[in-house]
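Asker: The lines below spell out each chain.
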Amino acid sequence: MSGARRRGIRLPQPDSPGNANSAGSVTPDVALDSGDDDPRSVTRPHPNNSGTPEPEYLHNAACVAITVIAFALRFYKINHPDQVVFDEVHFGKFAAYYILREYYFDVHPPFAKLLLGLAGWFVGFDGHFDFEAIGDSYALHHVPYVGMRAMPAVFGSLTVPIVYQIMKECGFPIVVCTFSAALVCFDNAHIAQTRLILLDAALIFFMALALYSYVRFRKVRYLEFSTQWWGWMCATGVFLACTLGCKMVGLFTFFTVGTAVLVDMWDVLDIRKRYPMDLVMRHFFARALGLIVVPFVVYSSFFWIHFKVLSHSGTGDHFMTPKFQESLSGNELLMKSHEIRYYDTVTFKHKDTKVYLHSHKEQYPLKYPDGRISSQGQQVTGYPHEDLNNQWQIIPTKALPETGRGRVVRHEDAIQLLHISTQSYLLTHDVASPTMPTNQEVTTISKEDMRNRYNETLWNVNIIGGHNGQAWKSKASHFRLVHMPTKVSLWTHAKALPDWAFKQQEVNGNKNSEERTATWFVDDIVIAAEDADLLTREGGPEQKAVKKMNFFRKYAELQILALQHNAGLTASHPYASGPINWPFLLSGISFWTKNDTRQQIYLIGNLVGWWTCVVALSVFVGIIGADLLARRRGVEPIPEFVRNRLWNSTGFFFIGWAFHYFPFFLMSRQLFLHHYLPAHLCSALVAGSVFNFIAGESINYPVSTPGPGMRRMPTARSDVGTKALVAAGLYMIPFIAMFIFMAPLTYGTPGLTGDQVNRRRILSSWTLHFAGKATTS
Amino acid sequence: MGADEKLDAVRGGAPATRTFATPTSRGTLGKIGSGEFKVLIAVVLVACAVRLFRLGKPNSVVFDEVHFGKFAAKYIRTRYYVDVHPPLAKLLLTLASFVWGFDGSFEFKDIGAVYPPNVPYVPMRFLPAILGVALVPITHLTLREIGCGASTALLGSVLVLFENGLVTQSRHILLDSPLLFFTGLSTLFWVMFCNEDRKPVTKIPDAHTTRASHTITSGPFSRIWWTYLALTGLALGAVVSCKWVGLFTIATVGCSTIKQLWTLLGDTRVSPTLWIRHFFARAVCLILIPLMFYMSMFKIHFAILRNSGDGDAFMSSEFQHTLDGKEMRDTYADVAFNSVVTIRHVNTQGGYLHSHTHNYPGGSKQQQVTLYPHIDSNNDWQIVPMLDPSGTQSPNASLAMEKLTYVTPGSIIRLKHTRTGKHLHSHDVRPPVSEVDFQNEVSGYGFDGFDGDANDNFIVELDEEGGGDDGGRKGNGKGWGGDRESGKRLRTLRTKFKLRHQLSGCYLFSHKVKLPDWAFEQQEVTCNKNAVRMNSLWFIETNSNPLLPADAPKVNYKLPGFFGKWWELQKVMWQTNAGLTSRHAYDSRPWHWPTLRRGINFWVKEHRHIYLIGNPFTWWMSTASIATYAVVRVLLILRQKRGYKDFHHSAVVKYDQMIGFLVMGWGLHYFPFYLMGRQLFLHHYFPALWYAILTLASVFDLVTSTLSPRRRIQIAAVIMALAIWTYAHFSPLAYGNPWTKKHCRDAKWLSTWDFSCNDYLDDVRVSGSAQIPKLTCCYSTLDTS
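Note that the protein sequences, when read in sequence, are chains Z and X.
Using our numbering, the first residue of the first sequence is number 1, and each one after it goes up by one.
Using our numbering, the first residue of the second sequence is number 1, and each one after it goes up by one.
Each hint should be verified, as a subset may be incorrect.
The calculated lysine-lysine pairs, modelled on BS3-like cross-linking and capped at a C-alpha distance of 25 angstroms, are [what the hints assert, rightly or not]:
(1) Lys594/Z - Lys529/X
(2) Lys273/Z - Lys645/X
(3) Lys495/Z - Lys514/X
(4) Lys512/X - Lys503/Z
(5) Lys57/X - Lys741/X
(6) Lys487/Z - Lys57/X
(7) Lys529/X - Lys512/X
For the record, the hints were derived by calculation from the structure and aren't laboratory data.
With these hints in hand, go ahead and build the complete structure from the sequences.
Answerer: This is the structure we're talking about:
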């Protein structure tokens, strides 16, 4: 770092040779944090040196040691269990789809899953295992699951040294860095979550890296626009994109860094900093480039790869629009979609409930139980099975040419629908439907009546997203049928009619003609008009090639779909828990159980560690709150430089925690304990800082790389003293003991007797399996 | 922000508290001159005309009159009901109908139902209408108090007067008009309080005592100061007693208070004791008074609704037994073998364990066992001891039938249905509705001469809450309701227990799933191997046993006190409210509101329409004014950071404080709706709209502050004319006046406004030719579509 103290682009100031000098007196941030030199490069004695900084090799040794331990803990018996555990059901399956290149749909962005797929491919997984249920054996199906689990385990292990480095870069002494890293390293929840085929390991790893890069970026802020400065900023951007690419939770990391950047920009904007406006704008645009444009490009590229890899039709097809589906090779739409011409006989299917539009001779009853009266017309219903009564012929309402493409039905055409077996026309009118007094009854009328009520039998083919002149196609066109005179849409809903309609589904006219659920498609062309072969009619099979679709359209479609589905995940799950439970570790998740050996994996954190973090968070809030109140009354209990650190460094960790935690309260989807792990990592950082604050308030100083021409600041070394060392050492005893005690639940081995399980159920809200019956003696 | 300090400097060392008015204005009603007063009277008269015009038309039920009319009827018939809204506004409506002699017989069943002559619907509509009228002068006074000029205040009140949405909403039996009235009133009182708070303390020596005591005549802690503060508290209590969205008004005043106290805290001349006095004065008046007011409304609510009604089913059994018509006689406490009991499910309000002489159509085709909510002799079960597998009674068992033997945890019992003689039975057959692996069917099984089989055996387990972890077997259970015995053995009403099926280990279970018609839509009862604790708990409600001596101890429900009832009702209201998530044909989301994307269809009949839609001119202008403030404020902050001294101008500070308060009120009445998953409607925006209109007026005041009064009133007149013209243009939708198709189509400024022009005739004059639509036109808010 010290070697790269090259001169950045610094505009000359009109009235000061180096802006830091003149600004130093007014901006406490600059005055306090601008050291003259990197502490590690100081070899000559310094007049104000209060001690030599901790030697680099000690830091490195500590970091390496804890990394080795982290690897050991995460790779310990990684081959156990040799069965599918918890959400490996999903993510293992997705990895298999990547290897088979079959399209699937999932709410999470693809990056972490791509990595899992890559790992699977690398270790020779052929994709032919469907991860059907928890407990399915890997060994029997020869799945190289150890290799696939190794990747998350590596990420999980590497998270620990990153935590260490974040603390170190913030100037904390070895004890504190080790303390924070240990809170993550010896945490049962982190270990359990990161040694399985799940996304969270990658998520947490990249999130920690993003925080680390931002800290590094912040440290070189006096070397603005230097290579280092650009490098760390772009690294932050890239890692942010990777975080977001793993799970949408990565947005919270964006908010964290975004908030810090806003605060930073706010300081840059300050008039007392004496930056001219054009320099401020340069700062602004540089950040916009590095932290918005770069992440966007990287994030989008994951999807680009995702679409490139998944080029074949698969399980996710039917989530997508027809246009999208046609871009997948082997897709049903591609193979069976044809243009519809007048006088074709077709069957209609409702998109949401998958029933056919059906009619039969029976009529609506004269009177309903609630006293309303029907038209007694022929029933029109939704029927789930294939039937002759599902067939409708498309009758034109305009003159047609004898042959040729003029006979193709197009978007916004007005048509009549003739029910083949009863030779009657579909119609709706101002009569309430059987079960919904607010919707119009749909019925049919005979040819004779049709002449008098011609207008009421007219329907408009409204292809969704269609443009003028677009041909109506079977399967590929989703459309609404809008009744011309009354503007209602043909609609059905999953409600069965009574026995008089054989429990078939009600079809009626929905007054909201734009209703999203009023979407139908033509399932099949049963009898083609003109007796011609469908393929020859349209000019040969060459048009059946896979269609191209613009990447950005695919991208936008998938994003919107994922958002909708994410919000839709509200079904209850036995191990879902509310966010309020998480920091206190009130409940865990049962990942896997094996009855005959009484083994189980139960996701639960290290109680000692998590509660320490909660205490640290509340102590931090307490200190800040008390300081604010005291200052309001003109008392300054905390020295300025300590306060500065509390706000800027610990404050950054704290908003990281807050942003990764509180937004969950706004979500109504299913939530699980593992959603708290990113926040827990931030709270471990806060815990380290608070420990340092209590132990000695001092840090290795200065932290930031000084800019050119800045006033030299005395270096200082943190002085936590032996007491802190002893305190940390003593703390580690119950902490690690707790970890070892809970380890059988984390690793799923060895099996536990009922009594042993009972003892491990420290909080009564934990729902462990194989609990022993209370002895009744 | 530094603005406070600057303001302080401007004021020349006056205590740094919040202010709205300029330092020179007196800030009381006294500043309104007689000319302005006459104008105000005129405006109120116009408001009366606008809001009371043809109040009796239409003479049929409109929109949510369905509910609120119905609730008034229930108050009058004193039948208990449950609603998501607190009672104040409904009580007021009831009062209006009661005074006019409404007997509560009309059902308010459907939108469009014609009112019979004995229903005083006009007086009922009169109450919201007159409160709507009152909002107009409140707007005027608030604007004056906040520091605007007379022409601005006039503009604001006229905009509120001619706001189509507010007019439409206030002309029907709905809660929003009272809500808005109290919102306005709270704001007015709060602004008046703030003006008083900012005045320096003036004291006059106390004439009556010899000691050197003083009476404070103005400024903090003067009588007038206390009065305004207390009135604010009362008004806030009234807002939140109309609808829970009144909490947003409390939040507005609360934020303003916190800012006041924070400023006060920073003033080192204010001693800690004084600050604490300030704090407690506000805490008492703004927290305690509203809470007391709110609770007293429920006190009245409970006092009126003495009788059991259709709201019973929402409440717990204890609550229900406080209602007349639901009382129960005391019943024996000790449950023993041979007892005839009725058994209730704890967690749902499904009622009693029930069986009747109908069989399941599928499954085992044995006799149905259900939950039934009403008292019936088919709810009676006799507790019979277990029989030997051979079918003969074991000596112990036969002894238990003759000698009083209590049912304890671990007892193996059978339940014999006294009317049909069948035993409660379970077996490995899937139940009719919940056909999942872990559910077993529960039926009534047996016939004459057959003593049942082992599938009739159930083991009694006490719930761990009162019985201890081991089901109370060791007797360490605490029991329920202070009855220690109930933790050791079965006691009527107190003990909560589970019934475990001896052979399959499943628990007798019920949940909120209704059986189809063949079981009369009663609640399903199953035996669940994976039972949730709460849904497998039961208790005994009535109990009689020939072996018990006549003087055996008796029990009855422990009736909840007022606080218990109040708290239970709050929880029920909350749950019901959160459950309103289904879509409604005319619902909208918060982001549709500021742009007036769509309205609500209130009523359609005979080619006339009532459609709730705002005055687009006022609506869009108010939204624009808020956006303008937001942009300007951001610019000011940025400029300040770059060293511009905007906040050194007293005018900037004054308008920033004034408009800032109003925009905060708007935001706090608007943004929280984004967090709500329930169905929302355009009228939820009205309180925010009121603040937005005030903002619009204040922005006008700011823009024209340098102009002469004459020029000012001219500009205001132009704006008012535009608003009135727009109002007139859309007024047929507000009053349900006849209209033509052409006019209607011309009025469709946005394609998303979905009033149906096809319902109108081509020409107004030929109306009356009866072609009545067979469709129901509209939905009320609680309908699910």
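Asker: Decide, hint by hint, whether the structure agrees.
Answerer: Outcome of the hint check:
no.	hint	result
1	Lys594/Z - Lys529/X	holds (19 angstroms)
2	Lys273/Z - Lys645/X	holds (17 angstroms)
3	Lys495/Z - Lys514/X	holds (16 angstroms)
4	Lys512/X - Lys503/Z	holds (24 angstroms)
5	Lys57/X - Lys741/X	holds (21 angstroms)
6	Lys487/Z - Lys57/X	violated (29 angstroms)
7	Lys529/X - Lys512/X	holds (17 angstroms)
In this structure, the one hint that does not hold is number 6.
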